[in-house]
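Start from the sequences and build out the full structure, keeping to the hints where you can.
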Amino acid sequence: MPVEDPHRVACHLDTLLESREMTLAALADAVGVTVVNLSVLKNNRAKAIRFSTLTAICDVLDCQVGDLLSSSPPQP
Amino acid sequence: MSQPPTHDTARPARDRLAFDRYDRWGLGALLGLFSAGAVAATVVAPLVAWARGSDLRVPFFSRVEVPALDSSGLRPGQGTYDLIVADAAPHLRVLDLLPGLGWLALIMTGSWIVLRVMGDVGQGDPFQQHNVRRLRILAGLLVLGCPVVASLQPVVTMAMLADLDLGDLTARAAFELPAFAMLVGVVVALLAEAFKAGGRLRDDVDGLV
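As you go down the protein sequences, you meet chains A and B in turn. According to my numbering, the residues represented by the first sequence are -2 to 73, in order. According to my numbering, the residues represented by the second sequence are 155 to 363, in order.
A few of these clues could be false.
Claimed, not checked - Below 25 Å or equal to it, Euclidean Cα-Cα: the simulated DMTMM-like pairs (lysine to aspartate or glutamate) are: (1) LYS39(A) <-> GLU15(A); (2) LYS350(B) <-> ASP236(B); (3) LYS39(A) <-> ASP274(B); (4) LYS39(A) <-> ASP357(B); (5) LYS44(A) <-> ASP26(A); (6) LYS44(A) <-> ASP11(A); (7) LYS44(A) <-> ASP236(B); (8) LYS44(A) <-> ASP274(B); (9) LYS39(A) <-> ASP59(A); (10) LYS44(A) <-> ASP360(B); (11) LYS39(A) <-> ASP26(A); (12) LYS44(A) <-> ASP358(B); (13) LYS39(A) <-> ASP360(B); (14) LYS44(A) <-> ASP279(B); (15) LYS39(A) <-> ASP11(A); (16) LYS350(B) <-> ASP360(B).
Unchecked claim - Pairwise CB distance ranges (calculated): (17) ASP26(A) <-> ASP174(B): 43 to 53 Å; (18) THR20(A) <-> LYS350(B): 37 to 47 Å; (19) THR20(A) <-> TRP266(B): 25 to 35 Å; (20) ASP360(B) <-> ARG5(A): 14 to 24 Å; (21) VAL32(A) <-> LYS350(B): 27 to 37 Å; (22) ASP357(B) <-> ARG5(A): 49 to 59 Å; (23) MET262(B) <-> VAL33(A): 33 to 43 Å.
Unchecked claim - Non-contacting residues of chain B with respect to chain A, defined by C-beta distances greater than 10 Å in every case (computed): (24) GLY191; (25) ILE238; (26) VAL239; (27) GLN283; (28) LEU323; (29) GLU330; (30) ALA346; (31) VAL359; (32) GLY361.
Honestly, the hints are just simulated from the structure, not real lab data. Where a beta carbon is used, it is the ideal one built from N, C-alpha and C, also for glycine.
Below is the structure:
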């Protein structure tokens, strides 16, 4: 798939935050990323994520990458 | 007893060479002064001279004959003549204005482009598509516009001389290729390509968390 095509990766940060009873601001403070950037991620508007950010989020939320991100199958 | 953690409260060193808003204002003032000077020299001064009825100066090249040098065996070549035209006709005054107007258009357009590009540089987001376009236009003005405007001068000079009686002199007007301006234009074109590559990198990190 060419890099320029839109992606089918969904972010489940809102579900994880709800289950951990944590606010976005608290997560941003713990991870060291701005609330604006985390909001971009939460609302599925991010185009790329650094591995360091991914690691930090998974450490704080005590989850795996697959809990945070998932890929939907292509439309027929 | 353990010491409490100390925090380095010193501010990070300010980058004194960073292009901030004061530099933008200074650049705007500098380009404004330069443009105002160009207006004064190329438009206001000739118009004032016209209003005062001052003589019109038309420089040209032609052969020089100096009998004293001929008799000593020396042969002079071309010389520059300054033809002083009193009570110049209006069409000569208008022709005299044309090269200056051409340079003025180049200077003001180029200044505006530089100011807009540096404005985005100061904002920290220079690698936008419109800046690539602006730099390419600036390069075109320098590489193509400058020689075109420079070629106006000899054309205008010959047009002015066509209406004047020069006796047995054959007039020629010099064309000076603005090589330095054209070289700067090539550099600006290369800079536009660098900005284009920067735009691709910018797109790569757009939306990066």
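Checklist line | Numbered hints the structure breaks, given as an ascending list | finding: The structure breaks hints 2, 3, 7, 17, 19, 22, 31 and 32; every other hint is satisfied.
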